[in-house]
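Participant: Residue numbers (my numbering), protein chains in the order written: chain A, 94 to 413; chain B, 354 to 562.
It is worth saying that the hints were derived from the structure and are not from the lab.
There may be inaccurate statements among the hints.
Unchecked claim - Over 10 Å on every C-beta distance to chain A, these chain B residues come out as not near it, computed from the model:
no., residue
1, Asp361
2, Thr364
3, Glu380
4, Ile387
5, His416
6, Lys473
7, Arg494
8, Ser498
9, Ile536
To be verified - In silico DSSO-like links for lysine-lysine, alpha-carbon gap of 30 Å or less:
no., chain 1, residue 1, chain 2, residue 2
10, A, Lys223, A, Lys278
11, A, Lys313, A, Lys186
12, A, Lys290, A, Lys175
13, B, Lys385, A, Lys175
14, A, Lys398, A, Lys349
15, A, Lys295, A, Lys313
16, A, Lys223, B, Lys385
17, A, Lys290, A, Lys223
18, A, Lys306, B, Lys537
19, A, Lys396, A, Lys349
20, A, Lys223, A, Lys295
21, A, Lys295, A, Lys338
22, A, Lys162, B, Lys385
23, B, Lys431, A, Lys162
24, A, Lys175, B, Lys537
25, A, Lys117, A, Lys131
26, A, Lys278, A, Lys117
27, A, Lys349, A, Lys306
28, A, Lys349, A, Lys388
29, B, Lys558, A, Lys151
30, A, Lys175, A, Lys237
31, A, Lys151, B, Lys385
32, A, Lys313, A, Lys223
33, B, Lys555, A, Lys162
34, B, Lys558, B, Lys429
35, A, Lys131, A, Lys175
36, A, Lys290, A, Lys278
37, A, Lys162, B, Lys533
38, A, Lys223, B, Lys429
39, A, Lys398, A, Lys388
40, A, Lys313, A, Lys338
All C-beta atoms in this analysis are idealised placements derived from N, C-alpha and C, irrespective of residue type, glycine included.
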Amino acid sequence: MHQIVYHALEKLNMGIIIIDQDHKIVVWNNWMERYTGKSKEETIGEKLNFIYPHFAGKNHMSILNSALKLGQSRFCSSTLHKIFVFPADEGRKNVQQNMQVDAIVCGEERYALLQITDITGYHNRVSQLKHAIREIGLENEQIKIAGDISRYQALHDSLTGLPNRVLLGDRLEAAISSARRNNQKLAVMFIDLDGFKAVNDKYGHAVGDLLLKAVVVRLKQNLRESDTLARLGGDEFMVILFEIKGVEDAANVAQKLLDSFERVFELNEHRASVTASIGISIYPIDSLDADTLTKQADSAMYKAKMAGKNAFKFYNEVKI
Amino acid sequence: MLNPLQKDALTEMVNVYVGQAASFLSEMVNQKVILAVPEVELITVNEAENANYNLPALPLAGHIISSSMRFGNDFKGKAFLVFPAEEAKLLVNACMGEYSDLEDQQDFCGLLDTDFDVLKEISNVILNAVMGEFGNFLDTRLEYSLPEIELLYLSESEQKSILEQDIYILLLHTSFLLSKTQIKGVIMIALSMNSVSWLIAKIDKLLEV
Chain A
94 MHQIVYHALE
104 KLNMGIIIID
114 QDHKIVVWNN
124 WMERYTGKSK
134 EETIGEKLNF
144 IYPHFAGKNH
154 MSILNSALKL
164 GQSRFCSSTL
174 HKIFVFPADE
184 GRKNVQQNMQ
194 VDAIVCGEER
204 YALLQITDIT
214 GYHNRVSQLK
224 HAIREIGLEN
234 EQIKIAGDIS
244 RYQALHDSLT
254 GLPNRVLLGD
264 RLEAAISSAR
274 RNNQKLAVMF
284 IDLDGFKAVN
294 DKYGHAVGDL
304 LLKAVVVRLK
314 QNLRESDTLA
324 RLGGDEFMVI
334 LFEIKGVEDA
344 ANVAQKLLDS
354 FERVFELNEH
364 RASVTASIGI
374 SIYPIDSLDA
384 DTLTKQADSA
394 MYKAKMAGKN
404 AFKFYNEVKI
Chain B
354 MLNPLQKDAL
364 TEMVNVYVGQ
374 AASFLSEMVN
384 QKVILAVPEV
394 ELITVNEAEN
404 ANYNLPALPL
414 AGHIISSSMR
424 FGNDFKGKAF
434 LVFPAEEAKL
444 LVNACMGEYS
454 DLEDQQDFCG
464 LLDTDFDVLK
474 EISNVILNAV
484 MGEFGNFLDT
494 RLEYSLPEIE
504 LLYLSESEQK
514 SILEQDIYIL
524 LLHTSFLLSK
534 TQIKGVIMIA
544 LSMNSVSWLI
554 AKIDKLLEV
């Protein structure tokens with residue numbers, strides 16, 4: 094029976110070392126011979142710390158002694174200790190081993206059993222896995238950013254950065270429901286530039302684009318942060334004025350917007366003059382729904398154009 | 354279960370034990386580790402199961418890491434070191450010199466097998482130190498198993514079920530301090546009736562002197 098157990102120990106696919114109370118090596122199995130290149134003749138009967146001086150260190154000593162004296166078992170992880178016995182193949186890099194220390198009691202005699210496993214390959218797989226997880230995380234991050242960008246692009250005008258027709262529709266719906274809840278008025282303004290096509294034809298599209306950007310700057314200067322200014326395309330813009338007290342407020346803002354066009358636009362070496370025609374519809378006076386308010390503002394804008402441009406008109410003519 | 358004097362004596366004893374575990378850990382991970390057990394309780398499973406019993410500091414609901422180790426001979430039972438899974442990951446990171454906040458921690462799935470090995474060793478050191486000293490105190494020789502690590506999910510209603518096997522539970526509320534990180538866990542020592550009586554008798558003897 095002893096013979097079988099001894100042979101089994103030799104065949105185990107892990108390093109087995111047994112030491113006695115003086116730390117002298119009693120068993121050094123075949124795996125240890127193969128792995129370390131140190132034969133049984135060289136090791137058995139020697140002190141473990143003679144073969145591997147680091148076992149004389151305080152930490153290792155206390156691990157071995159707690160098994161030999163207190164009978165405690167101890168698991169030592171490769172992550173914290175890296176290595177316990179050195180492989181014969183010195184070219185191997187980043188070797189990682191786990192070690193388990195157990196007490197063996199044979200009558201009066203006490204021994205410590207050291208089981209050593211090489212888990213370098215395993216560690217490499219884990220670190221590849223960690224790497225892969227990190228990569229996937231980064232990719233996911235980039236996809237999210239790309240998603241955010243395309244969502245922004247889908248809702249904004251690329252030239253001016255203003256909300257586009259789609260986002261404006263949402264904002265108008267939201268503004269109407271908030272005005273309904275709070276019993277407030279709001280104004281929709283349709284703005285079309287007068288003379289923009291002439292500037293475009295005369296100086297080219299690049300200058301036309303500069304003009305549109307400059308117009309946006311002036312419009313914004315005369316609106317509140319909370320108002321929405323959107324570009325519908327070409328030289329058409331739309332404004333939602335929230336929480337106005339009455340039509341007078343809308344008229345005042347419209348006049349300020351028209352006044353802002355008085356100064357000549359300086360576009361690099363070119364100078365251009367444009368004006369605007371503005372049509373205004375009022376919630377809830379003109380209509381209760383977004384589409385109709387928009388159409389009404391549009392048709393009021395045409396009235397302003399017909400009346401000689403550079404003017405604002407309400408959908409319902411009111412005396413102010 | 355314990356009168357204030359017994360409780361004080363036990364708290365003081367246990368703090369000395371974990372102090373030794375802390376110095377082992379400090380050397381292993383090459384940084385200062387402070388372990389403290391601010392509170393010790395001895396409760397019965399019945400008490401723990403009683404809904405009225407308040408266990409505020411027990412991190413026992415949700416995903417937890419439990420490391421358990423049997424010990425035996427005359428003084429017999431099972432010792433557990435339990436952490437919430439997120440805190441376990443912080444502990445592993447701190448031991449490896451990587452710092453992160455609980456907020457950075459996406460989820461416990463970040464725990465890889467090599468991390469479990471680190472937790473196994475840490476709990477091994479702590480539980481060995483504590484149980485070894487209990488053995489010394491009672492002047493008896495203990496046999497130990499290696500810790501087994503489990504990742505468990507416990508809902509509120511199940512949270513006491515891991516205690517059911519044994520009758521008495523010695524609860525040591527434990528806090529780990531590694532440079533910038535504070536991690537809270539709990540050591541639970543499940544003891545048989547005989548073992549508890551033995552321990553209390555020994556403490557009383559100590560108090561008489």
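Participant: Next step is simple, just say for each hint if it's right about the structure.
Facilitator: Hint check:
1. Asp361: Answer for Asp361 of chain B: holds, closest chain A Cβ roughly 27 Å.
2. Thr364: holds (24 Å)
3. Glu380: Check fails; 5 Å does not lie beyond 10 Å.
4. Ile387: holds (18 Å)
5. His416: Holds, since 18 Å exceeds 10 Å.
6. Lys473: violated (5 Å)
7. Arg494: With a cut-off of 10 Å, Arg494 of chain B comes too close to chain A, as the shortest Cβ separation is near 6 Å.
8. Ser498: violated (7 Å)
9. Ile536: Its Cβ never comes within 10 Å of chain A, the nearest being 16 Å, so this holds.
10. A:Lys223 x A:Lys278: violated (58 Å)
11. A:Lys313 x A:Lys186: violated (65 Å)
12. A:Lys290 x A:Lys175: Violated, at about 75 Å.
13. B:Lys385 x A:Lys175: Holds, at about 20 Å.
14. A:Lys398 x A:Lys349: holds (18 Å)
15. A:Lys295 x A:Lys313: holds (26 Å)
16. A:Lys223 x B:Lys385: holds (27 Å)
17. A:Lys290 x A:Lys223: violated (59 Å)
18. A:Lys306 x B:Lys537: violated (58 Å)
19. A:Lys396 x A:Lys349: Between Lys396 of chain A and Lys349 of chain A the Cα gap is close to 19 Å, so the pair holds against 30 Å.
20. A:Lys223 x A:Lys295: violated (61 Å)
21. A:Lys295 x A:Lys338: Roughly 42 Å between the alpha carbons, so the hint for Lys295 of chain A and Lys338 of chain A is violated.
22. A:Lys162 x B:Lys385: holds (27 Å)
23. B:Lys431 x A:Lys162: Answer holds: Lys431 of chain B to Lys162 of chain A is near 21 Å, not above 30 Å.
24. A:Lys175 x B:Lys537: Roughly 27 Å separates the two Cα atoms, so the pair holds.
25. A:Lys117 x A:Lys131: Since the Cα atoms of Lys117 of chain A and Lys131 of chain A sit roughly 15 Å apart, the hinted pair holds (cutoff 30 Å).
26. A:Lys278 x A:Lys117: Violated, at about 95 Å.
27. A:Lys349 x A:Lys306: holds (18 Å)
28. A:Lys349 x A:Lys388: holds (23 Å)
29. B:Lys558 x A:Lys151: violated (35 Å)
30. A:Lys175 x A:Lys237: Cα-Cα ~38 Å, so violated.
31. A:Lys151 x B:Lys385: With a Cα-Cα distance of about 17 Å, the restraint between Lys151 of chain A and Lys385 of chain B holds, given a limit of 30 Å.
32. A:Lys313 x A:Lys223: violated (50 Å)
33. B:Lys555 x A:Lys162: holds (23 Å)
34. B:Lys558 x B:Lys429: holds (20 Å)
35. A:Lys131 x A:Lys175: Answer holds: Lys131 of chain A to Lys175 of chain A is near 20 Å, not above 30 Å.
36. A:Lys290 x A:Lys278: violated (34 Å)
37. A:Lys162 x B:Lys533: violated (36 Å)
38. A:Lys223 x B:Lys429: Outside the cut-off at roughly 41 Å; violated.
39. A:Lys398 x A:Lys388: With a Cα-Cα distance of about 15 Å, the restraint between Lys398 of chain A and Lys388 of chain A holds, given a limit of 30 Å.
40. A:Lys313 x A:Lys338: Holds - the C-alpha atoms of Lys338 of chain A and Lys313 of chain A are around 20 Å apart, at most 30 Å.
Of the hints listed earlier, those the structure fails to meet are numbers 3, 6, 7, 8, 10, 11, 12, 17, 18, 20, 21, 26, 29, 30, 32, 36, 37 and 38, in rising order.
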